[in-house]
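Spelled out from the first residue to the last, the chains are:
2 protein chains.
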Amino acid sequence: MNVAVIGLGLIGGSLLQALEAAGHAVTGYDADPATRELAEKDGRNVAGSVAEAAAGAEIVALAVPLPVLPGVIAELAGYDGLITDVTSVKGPVRALGIRRFVGGHPMAGKETSGYAAADPALFDGCAWVLCLEPGETDLDDWLTAAALFTALGARVVPATAAEHDRAVAEISHVPHLLAAALARRLVGNPLAAALGAGSFRDGTRVAGTRAELIAAMCGGNATATREVLTAVIDDLRQRLDELSAADPVEALIPALREAGDARRAWPPKPGAAAEEPAGAEELLALGRAGGWVTAVSESRVTVRTMRPESDRITP
Amino acid sequence: MNVAVIGLGLIGGSLLQALEAAGHAVTGYDADPATRELAEKDGRNVAGSVAEAAAGAEIVALAVPLPVLPGVIAELAGYDGLITDVTSVKGPVRALGIRRFVGGHPMAGKETSGYAAADPALFDGCAWVLCLEPGETDLDDWLTAAALFTALGARVVPATAAEHDRAVAEISHVPHLLAAALARRLVGNPLAAALGAGSFRDGTRVAGTRAELIAAMCGGNATATREVLTAVIDDLRQRLDELSAADPVEALIPALREAGDARRAWPPKPGAAAEEPAGAEELLALGRAGGWVTAVSESRVTVRTMRPESDRITP
Numbered sequence: 001m002n003v004a005v006i007g008l009g010l011i012g013g014s015l016l017q018a019l020e021a022a023g024h025a026v027t028g029y030d031a032d033p034a035t036r037e038l039a040e041k042d043g044r045n046v047a048g049s050v051a052e053a054a055a056g057a058e059i060v061a062l063a064v065p066l067p068v069l070p071g072v073i074a075e076l077a078g079y080d081g082l083i084t085d086v087t088s089v090k091g092p093v094r095a096l097g098i099r100r101f102v103g104g105h106p107m108a109g110k111e112t113s114g115y116a117a118a119d120p121a122l123f124d125g126c127a128w129v130l131c132l133e134p135g136e137t138d139l140d141d142w143l144t145a146a147a148l149f150t151a152l153g154a155r156v157v158p159a160t161a162a163e164h165d166r167a168v169a170e171i172s173h174v175p176h177l178l179a180a181a182l183a184r185r186l187v188g189n190p191l192a193a194a195l196g197a198g199s200f201r202d203g204t205r206v207a208g209t210r211a212e213l214i215a216a217m218c219g220g221n222a223t224a225t226r227e228v229l230t231a232v233i234d235d236l237r238q239r240l241d242e243l244s245a246a247d248p249v250e251a252l253i254p255a256l257r258e259a260g261d262a263r264r265a266w267p268p269k270p271g272a273a274a275e276e277p278a279g280a281e282e283l284l285a286l287g288r289a290g291g292w293v294t295a296v297s298e299s300r301v302t303v304r305t306m307r308p309e310s311d312r313i314t315p
Numbered sequence: 001m002n003v004a005v006i007g008l009g010l011i012g013g014s015l016l017q018a019l020e021a022a023g024h025a026v027t028g029y030d031a032d033p034a035t036r037e038l039a040e041k042d043g044r045n046v047a048g049s050v051a052e053a054a055a056g057a058e059i060v061a062l063a064v065p066l067p068v069l070p071g072v073i074a075e076l077a078g079y080d081g082l083i084t085d086v087t088s089v090k091g092p093v094r095a096l097g098i099r100r101f102v103g104g105h106p107m108a109g110k111e112t113s114g115y116a117a118a119d120p121a122l123f124d125g126c127a128w129v130l131c132l133e134p135g136e137t138d139l140d141d142w143l144t145a146a147a148l149f150t151a152l153g154a155r156v157v158p159a160t161a162a163e164h165d166r167a168v169a170e171i172s173h174v175p176h177l178l179a180a181a182l183a184r185r186l187v188g189n190p191l192a193a194a195l196g197a198g199s200f201r202d203g204t205r206v207a208g209t210r211a212e213l214i215a216a217m218c219g220g221n222a223t224a225t226r227e228v229l230t231a232v233i234d235d236l237r238q239r240l241d242e243l244s245a246a247d248p249v250e251a252l253i254p255a256l257r258e259a260g261d262a263r264r265a266w267p268p269k270p271g272a273a274a275e276e277p278a279g280a281e282e283l284l285a286l287g288r289a290g291g292w293v294t295a296v297s298e299s300r301v302t303v304r305t306m307r308p309e310s311d312r313i314t315p
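Chains Y and R, in that order, give the protein sequences.
Note that full-length UniProt numbering numbers the first sequence so that position 62 is 62, with each residue one more than the last.
Note that full-length UniProt numbering numbers the second sequence so that position 43 is 43, with each residue one more than the last.
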């Protein structure tokens with residue numbers, strides 16, 4: 001396929017390299033001349049503008065930060081093909097009302113950033129959420145994007161933008177806020193700092209992330225983060241009640257047991273591969289069950305899927 | 001010294017072995033005959049009762065679970081020497097009103113338990129809180145215990161029982177409850193489980209600990225755990241307010257920056273060694289500053305100490 005990648009940082013650069021390695025004709029563009037030069041020296045096709053990169057493309061992948069998206073969309077006025085993106089929050093991008101859009105979020109990253117850190121193997125085995133809005137997303141466009149990214153080794157997870165934003169609040173954004181709340185207990189508290197060990201180290205690790213990055217993630221996904229944080233606070237208040245019970249040890253056990261069971265079952269083990277109908281509702285049900293698409297069939301009538309072992313129906 | 005160790009699990013067994021290796025005459029006892037046999041076959045002096053173990057001892061170290069402590073104390077009716085313990089909560093032990101008591105808590109552990117897992121090097125470099133209650137603890141007894149445990153390589157941290165219980169709630173008990181709250185978000189939520197990655201893994205690791213152990217820790221330290229959990233909930237509610245601000249990203253940054261600074265400064269680097277007066281108030285001030293005792297001088301007038309680097313007065 002002819003693919004354009006706009007934004008050649010870690011994700012965009014890796015995507016350009018991975019798609020090229022998979023045999024596609026890829027043109028890249030980055031607003032930063034130094035980054036364009038870096039990619040050119042690396043032997044890549046680099047265009048001089050967004051419009052030039054998109055000319056002749058069948059799919060344009062936007063790998064730019066959320067605040068930059070509207071400007072790039074405006075530059076794509078003359079392009080009428082499929083558009084996807086890689087931003088980590090999907091509701092606000094959906095709200096932009098981009099034509100022929102399939103929102104995406106590859107859950108891949110590294111400690112480093114920029115084109116120099118790009119790696120064509122970055123997406124191998126990573127979860128790549130592709131948004132599917134019933135009555136809004138064109139299923140054929142969705143399958144085109146799914147075929148492209150599964151071929152890079154990604155586990156394509158179908159979800160609505162709202163489902164995605166809620167899930168990442170649960171597994172990433174709220175965990176960052178909890179880690180920060182624990183780390184803040186150290187302020188003016190050298191005795192606690194001297195006694196902290198393994199549980200403190202792990203529970204606070206991500207609090208060391210740059211404040212601007214955590215704030216951008218959580219603030220950019222404010223609605224879902226607020227909902228999940230409210231649920232977590234409510235849960236913690238139940239622990240407070242249990243700590244005030246006549247026998248706090250007994251009172252605490254049921255919730256802690258549920259937590260332990262859930263944690264020990266995570267990460268879920270992949271079950272058996274299957275062939276399933278490529279309908280929008282079936283795909284969303286697959287994602288809700290914790291499954292993903294591993295390949296799109298030639299006929300596009302079915303997808304090859306993988307569901308977690310715990311979801312398998314045992315006779 | 002003549003030392004008796006009551007309870008020969010991981011901590012008691014390791015203590016018996018470490019004290020013997022340090023040249024002390026140690027007698028052990030465990031209520032479980034199989035454990036006594038194991039220690040005997042290991043070449044240790046093992047008594048047939050608590051009273052027999054304590055006969056002739058200058059210090060008795062109780063390494064038994066909190067619920068068992070009152071019974072063991074009753075068996076020590078004929079013993080009038082110094083008593084210390086290793087239980088992980090100090091307020092409830094102090095409330096038992098044990099005569100000539102210096103409460104202790106070595107912050108050491110392993111994944112395994114029982115005498116078979118004992119290791120004489122377990123306390124090397126570990127923080128060992130020794131409780132010092134102004135007007136209650138005999139300073140000479142405290143220094144005797146401090147001399148014994150610093151010689152095993154432990155960092156002896158002076159603190160009151162209340163300070164200890166509050167600090168461990170901050171660095172261990174509440175972190176376990178937060179990890180459990182995050183892990184509980186997975187219940188009925190396979191999509192989130194499929195997307196969880198590094199921040200979720202680390203933030204929930206200790207939720208996989210046995211529910212009974214977490215409940216015993218938190219429930220056994222209910223007052224301090226409740227206080228700290230209340231403070232953490234209040235802090236998280238401020239994050240909720242910030243998420244509702246006109247610019248949530250900007251609103252979130254100050255608290256996240258404070259958390260990040262605190263986390264990056266942890267663990268504190270040890271500063272320069274010093275010689276300090278061995279007074280009760282001086283020792284408690286040392287502990288509150290995040291420092292610890294590394295040795296007790298012959299004259300017992302001073303202790304050798306270490307304070308964290310950030311606490312050092314620079315000229």
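In case anyone wonders, no lab produced these hints; they're calculated from the structure.
No experiment lies behind these values; they were computed from the predicted model shown.
Ideal placement from N, C-alpha and C gives every residue a C-beta, glycine not left out.
You may find that some hints are simply not true.
Among the chain R residues that face chain Y by a calculated CB cut under 10 Å, a handful are [stated by the list, open to error]:
(1) Ala31
(2) Ala34
(3) Leu38
(4) Ala116
(5) Ala192
(6) Asp202
(7) Leu229
So the derived list for chain Y, only partly shown, Cβ under 7 Å to chain R, looks like this [stated by the list, open to error]:
(8) Leu178
(9) Ala194
(10) Val206
(11) Glu227
(12) Ala246
(13) Pro248
(14) Ala262
(15) Gly290
(16) Thr294
(17) Ala295
Against the structure, the hints:
1. Taken as an interface hint, Ala31 (chain R) does not check out: its beta carbon lies about 21 Å from the nearest beta carbon of chain Y, beyond 10 Å.
2. For the restraint placing Ala34 (chain R) at the interface with chain Y, the shortest Cβ-Cβ distance is roughly 27 Å, beyond the 10 Å limit, so the hint is violated.
3. Interface hint at Leu38 (chain R): violated, since its Cβ lies 27 Å from the closest Cβ of chain Y, which is beyond the 10 Å cut-off.
4. The interface hint given for Ala116 (chain R) is violated, since its Cβ lies 22 Å from the closest Cβ of chain Y, which is over the 10 Å cut-off.
5. Checking Ala192 (chain R) against chain Y by beta carbon gives a least distance of about 4 Å; that is within 10 Å, so the hint holds.
6. Given the 10 Å rule on beta carbons, the hint for Asp202 (chain R) holds: about 5 Å separates it from the nearest Cβ of chain Y.
7. Checking Leu229 (chain R) against chain Y: minimum C-beta separation of about 6 Å stays under 10 Å; hint holds.
8. With its C-beta approaching chain R no nearer than about 5 Å, Leu178 (chain Y) sits inside the 7 Å limit, and its interface hint holds.
9. Given hint, Ala194 (chain Y) at the interface with chain R, holds; its Cβ is 4 Å from that chain's nearest Cβ, closer than 7 Å.
10. Hint on Val206 (chain Y) holds. Least Cβ distance to chain R is approximately 5 Å, under the 7 Å limit.
11. Because the beta carbon of Glu227 (chain Y) sits about 10 Å from the nearest beta carbon in chain R, more than 7 Å, this interface hint is broken.
12. About 11 Å separates the beta-carbon of Ala246 (chain Y) from the nearest beta-carbon of chain R, more than 7 Å, and the hint is not met.
13. Taken as an interface hint, Pro248 (chain Y) checks out: its beta carbon lies about 4 Å from the nearest beta carbon of chain R, inside 7 Å.
14. With a least beta-carbon distance of about 4 Å to chain R, the hint placing Ala262 (chain Y) at the interface is held under the 7 Å criterion.
15. Taking 7 Å as the C-beta contact cut-off toward chain R, the hint placing Gly290 (chain Y) at the interface holds, the least distance being around 3 Å.
16. The closest approach between the C-beta of Thr294 (chain Y) and any C-beta of chain R is roughly 13 Å, which is over the 7 Å cut-off, so the hint fails.
17. Annotation: interface hint on Ala295 (chain Y) violated; nearest CB of chain R at approximately 17 Å, more than 7 Å.
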